[in-house]
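K.L.:
Residues in the sequence shown are numbered from 91 upward in steps of one, following my numbering.
I should point out that these hints are in silico values taken from the structure, not numbers from a laboratory. Hints may be right or wrong, so weigh each one.
Here are the computed distance ranges between Cβ atoms for each label pair [what the hints assert, rightly or not]:
(1) 208 / 452: 50 to 60 Å
(2) 264 / 351: 32 to 42 Å
(3) 392 / 460: 33 to 43 Å
(4) 411 / 202: 23 to 33 Å
All of these numbers come straight from a predicted model, not from anything done at the bench. Glycine residues also receive a C-beta, built at the ideal position from the N, C-alpha and C atoms.
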Amino acid sequence: RFGKLEIETPSSPSVALPMLFVQRPASSSSACKPYAVLPASCSPARFSLPMPFYDQRQGSSSGQRPACVAGLFSAAATLSPKGRRRRWRRTVLGQTSSPRTCCIIVSAELRTLDEFRGDLRIVNGLPDLDRFAVTGGEGNAAKAARMFRRHGFVIILDALPPTQCDALLAGCRREASEILEHDPTRRGNRGLGRFSFGASQKTGHLLHCSEWAALADLDAVTPVLRKVFGEDGYICAGAGGDFVLDRVINYQQLHMDLNAPTSHDRADAPVVTVNITVTPLTWENGPTRIIPGTHRLSRNSFSPPRDDAENELWRYFTMCPLPAGSAIVRDNRTWHGGTPNLSSEVRFLPNCEFAARWWCRGSTSVHWRNPWLLAPKCMPRSVYEGLSSYGRYICREVVADGDLEYGARSDLGDGL
Numbered sequence: 091r092f093g094k095l096e097i098e099t100p101s102s103p104s105v106a107l108p109m110l111f112v113q114r115p116a117s118s119s120s121a122c123k124p125y126a127v128l129p130a131s132c133s134p135a136r137f138s139l140p141m142p143f144y145d146q147r148q149g150s151s152s153g154q155r156p157a158c159v160a161g162l163f164s165a166a167a168t169l170s171p172k173g174r175r176r177r178w179r180r181t182v183l184g185q186t187s188s189p190r191t192c193c194i195i196v197s198a199e200l201r202t203l204d205e206f207r208g209d210l211r212i213v214n215g216l217p218d219l220d221r222f223a224v225t226g227g228e229g230n231a232a233k234a235a236r237m238f239r240r241h242g243f244v245i246i247l248d249a250l251p252p253t254q255c256d257a258l259l260a261g262c263r264r265e266a267s268e269i270l271e272h273d274p275t276r277r278g279n280r281g282l283g284r285f286s287f288g289a290s291q292k293t294g295h296l297l298h299c300s301e302w303a304a305l306a307d308l309d310a311v312t313p314v315l316r317k318v319f320g321e322d323g324y325i326c327a328g329a330g331g332d333f334v335l336d337r338v339i340n341y342q343q344l345h346m347d348l349n350a351p352t353s354h355d356r357a358d359a360p361v362v363t364v365n366i367t368v369t370p371l372t373w374e375n376g377p378t379r380i381i382p383g384t385h386r387l388s389r390n391s392f393s394p395p396r397d398d399a400e401n402e403l404w405r406y407f408t409m410c411p412l413p414a415g416s417a418i419v420r421d422n423r424t425w426h427g428g429t430p431n432l433s434s435e436v437r438f439l440p441n442c443e444f445a446a447r448w449w450c451r452g453s454t455s456v457h458w459r460n461p462w463l464l465a466p467k468c469m470p471r472s473v474y475e476g477l478s479s480y481g482r483y484i485c486r487e488v489v490a491d492g493d494l495e496y497g498a499r500s501d502l503g504d505g506l
C-alpha cells in the first residue's frame, strides 16, 4: 500500500521525505531484513512521509505486529507497534543494532497499488515528448545535435533495426541472469531491485559482449555524435546500462553520471551515453526520468536535490512512451533517475558510452569505474576485429591484446 505516514520524534524542523519502497520480510518472523528507510541523521519533530507501507501480521509472542518499510536511504528500520509508540530498530546490511523508542506514528493515509498505477497511467511522461525526438539519419544529425545541446539529451527514433534489437535484448537477459545468480536477495547495486550492468562486471563494462560492442557505430547515431563532438573528436570509452526488476516500486534519487572537477567548465559535453530501448518504454515499466537543461548548471552552485526537496512534478518527467529500438543520447551531466517498474517484466536499458578526446586522456589496463578520464582496455581483440572500420577506429583505446577476466562480479550480494 502507498500513502502518507506522519511520524513524531524529538525536536527538529519538519521535513518531507519521498516515496519509499517496501521489502517484504522473510517468512520467518525473526528474519526481517528491510533496507534503507530514513537518513541516519534524521530526527524531525514531525513529518509527513509519502510511502508504501506493509503491515506484517507475523508478530512476536507478545503480539507485536512489525510494519517493515524500506527505500532509498542508507539506514534501515523496523517499526514495531506497542500501543501508539513504535520502536525504531536501525539495520545496516542486515546487522541489527539495539532498538530504541524514538517515534510515534500519528496517522497513516493509504493508497492502494491500483490507485498509484492509475495516477501513473494519467501523468507519467514528459510533456510534448515529440519535441525531444528526431528520426535517425544524416539529414537530421545537425538538428539532433542542436536539441542535445539545448536540453541535455535527444531521442533518436528507429535507431536500431529489429533484428539487432532482438539480439541485444537476448544479450541483456543472458547477462542479467548471470548477475542475479550472484545476488539471490535481489538487493541490487543501484537501489533495491536496480542493477548497473557495468558496475556488476569484473571489467566494469560489457564491451567483451559483441551485442554491446556493436553499439559503438550505429548508422542512426554516429552522425549525431560526430556533430556533438566534432569530426573524430571522440572515442568509445565503455558500455553497460541498467536493468530494473519487475514490481519494483521505489524511485531512484535524481543524480548526474558525471560531476568531476572541470566537467562543467565547458559547454561541450565531456561524456555522452547512448541508451537503447530494447523493449518499449511505457508509463508502468520504469522509464527513466530526466530534467531538461540541467547539464548547463554549474556543479559548484547546483546539484540534484535530495528526495525530500525534489519537485513532485519531476517524478513524472519520464521518457515514455518510446518504441523499441530508440536511442536516448544523453549528456552525462544531465540530472536523471529511475522510476518504479510496476509491470510484470524486467526493464532493460543497455548503453554505450563515449568521451570527448579533450576529456579522455588515454587508456588504462586497470578496470575501475573512473569518470571516463581513461578508457579501460576491456574489449577482446576478437570482438574488436568484428566491428566496422569506424567502430574499430573509435574503439582503439578500449581494445585489449592480452587475456581478460570478465563476467559478473561475485560480491554483488554484499551490497556493492
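K.L.:
If a hint holds in the structure, say so; if it does not, say that too.
P.N.:
Hints, verified against the model:
no.: 1; hint: 208 / 452: 50 to 60 Å; result: holds (52 Å)
no.: 2; hint: 264 / 351: 32 to 42 Å; result: holds (38 Å)
no.: 3; hint: 392 / 460: 33 to 43 Å; result: violated (24 Å)
no.: 4; hint: 411 / 202: 23 to 33 Å; result: holds (24 Å)
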